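Asker: Work out the full structure: start from the sequences and follow the hints.
Each chain, letter by letter, is given below.
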Amino acid sequence: MTEPATSAAPAQRWRRVADRTSPLLIALGALVIYSQARQLPFGGLGRPGAGLWPTVVAIITIALCAVLLVIGGGMAESITVQQLRRVVLFVLFIAAFAPVYNLLGFIPAALVVMLGLLRYVGEERWVVSVAVAIPATFAIYALFAIFLELPLRGFL
Amino acid sequence: MDIISGLATGFSVALQPQNLMYVTIGVILGTVIGMLPGLGPTASIAVLLPLTFHMDPASAIIMVAGIYYGGMYGGRIPAILLNLPGDSSSVITTLDGYPLTKQGRAGAALSMTAIASFIGGTIAIIGLTIFAPIVARFAVRIGAQEMFVIALAGLFMVAFIGSGRKIKALIMAGIGLLLASIGMDSITGVPRITFGNLDLYNGIHIIPLVVGLFGIGELLYIVDRGMQPGVHPKGLGRILPTMADWVASRVAILRAAVVGFFIGVMPGGGGTLSSIVSYGIQKRLSKNPEKFGKGAMDGLTATETADNASSNSAFIPLLTLGIPPNPVLAVILGVLLMQNITPGPQLIDSNPEIFWGVIASMYVGNLMLLILNLPLIGLFVQVLRVRGSILFPVVVVVAFCGVYSASNRMFDVVLAVIFGVMGYLFKKFGFDLAPLILAFILGPIMEDEFRRSMLLSGGDMTTFLTRPGSGLMLGVLLVIILLSFSSKLSVGRAARKLTRSVGEPTTDIPEQPDPADSDTPADTETDSENRDDRS
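Order-wise, the sequence lines are chains A and B.
Residue 646 in the numbering used here sits at position 120 of the first sequence, and the numbers go up by one each step.
Residue 385 in the numbering used here sits at position 365 of the second sequence, and the numbers go up by one each step.
Take these hints with a grain of salt, some might be off.
Chain A regions said to be covered by chain B (calculated; three or more residues, Cβ under 8 Å) [unchecked claim]:
#1 556 to 564
#2 594 to 603
#3 607 to 617
#4 622 to 635
#5 658 to 667
#6 672 to 682
Sample of chain B residues lacking proximity to chain A, with all beta carbon distances greater than 12 Å (derived) [what the hints assert, rightly or not]:
#7 Thr208
#8 Gly300
#9 Arg304
#10 Leu390
#11 Gly398
Now the stretches of chain B that chain A is said to cover, found in silico as 3 or more residues with beta-carbon under 8 Å [said to hold, decoys possible]:
#12 187 to 196
#13 236 to 247
#14 418 to 425
#15 478 to 485
Worth flagging that the hints you see were computed from the coordinates, not collected in a lab.
Because the structure is a prediction, the values reported are computed rather than measured.
Positions of the beta carbon are idealized from the N, C-alpha and C atoms, including for glycine.
Answerer: So this is what it looks like as structure tokens:
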């Protein structure tokens, strides 16, 4: 799984973008929480309301993000297209678990995740993927649903 | 209940046959999961946690102890054999562990690691047995202001001693506190920041958060860097250490146990810091400092002893104050809470069987690690032959089962995926996850104690300064913060300096080394050739 050679310039550009983007994204998240917290009773220091703590923490977090934005993070890592492809595929397959479970049950959901990860992320051969995914799915189902009595629906 | 009768009660529970079976399973599974590069003890516990949900509290705790010890030891195996540290604390292990492998002494290095871990762990547990009841009696008198300051200090210490940039650590702590504030307000019962979603009314469960950040996030990070092909380590050499190894290590082990014990009690202490400090001390006091970095057995044993000792003594603040000093203990606190056990000053009096049961389970878990790992080292090493691309999908589905079983709702699985992506992005952007998880655990304690302090003092913020206990602790915290800016009080910096000083390739603490970049040992062969011909 060798990565294609990449020049240093795009990697550095990515790192710079990531260093600037990450505090902005976090600040945005904190701002959303701040706006929600402001709708709660704030109270005062003598009788703090439900909104005081999250409001104060959100403000501090946003302020820290602003400082980081100014001074720069400097520790972000670069990512190649191939890395991104692998990560996106991985996320897509694991994100499929919950909807497939709700639609078809545990065994199809686990099979989709395992086959997808083995074949398309791990780049295993189909025969290896199937040979691992099927017994592993049933073994996990047996362990959790039968041995540990977890209410997992095998099939709908 | 005195110490002897307390321990007798604890052991009567821990030594029951089914509990011995659970600890054995825990050690084996913890070792196997801990061996997967990137998945340290925190992730091992997170992924295997569901196995404990349907057990009674004592059995669950004893199994978690087994997973914890197994996970820690498991991380040492790729560090020593392949120069691949599984977690941050095993970076120091590679300095002398891997050179020993290159000398054909991998077996002795692994067995001395197990023995040193056992001795360090046992000494620390004896210290825990003696000191925990004393601290608990003192802790009963602690007020809301002191509890708030202790929790705040824990958070700041992790941020300021940790491996990353301080401001990033503080931002992560802020995110953790914000995530913890989602759900019903514990004092007024008002739903907070739920976005109208009923699933969020009870707040975010620790299991999807931990599995997501430390499990899925780590897997994503490994996938990003390219999955490690299966590795075929050749011979381990002689498993049992020689007399010369013993002679070289005996004083180092005892010294490191004491150092590790005291560092473990400190908030933010933990395995990495204790390993670094102990290694540095041992190198300075050794008769052969030139051997360090080239396969010094006393360097390796000092590191491992201190790591295990600190991991055990870290239970003192957890059991007596209810405050976890590091992320692994934060997860273990989550396990205890799920079993309706609330650690804190009252635990020793209200639930002595649980308090002593936890301590007894640590003795048993530590012993089982030694008993199982010495004969099974050769077998565990075979796990390294399995390709990551085959293991990781199985780990993902097991982790999902665990998340689902925490409260039987698929919403938590969705959350775990979201937190997994967040965990991955945080790592890519250079943010350390430890402050986030600690803040998430400490958040409710901090908020409750802050609000209680404000109610008691009528909104007077100076109450934290005017009360002697909290004022003194704030002063100490301030000094530590100032020192951290002006001195070398940083795990990352110290580790980098240490690795440079012994002339080994530096591995940045929070990062998982890229297998492609690592110094692959000459006596191992990868199955990459086999992979090339796959369609």
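Asker: So, against the hints stated earlier in the document, which numbers end up violated here?
Answerer: Hint 7 contradicted; others consistent.
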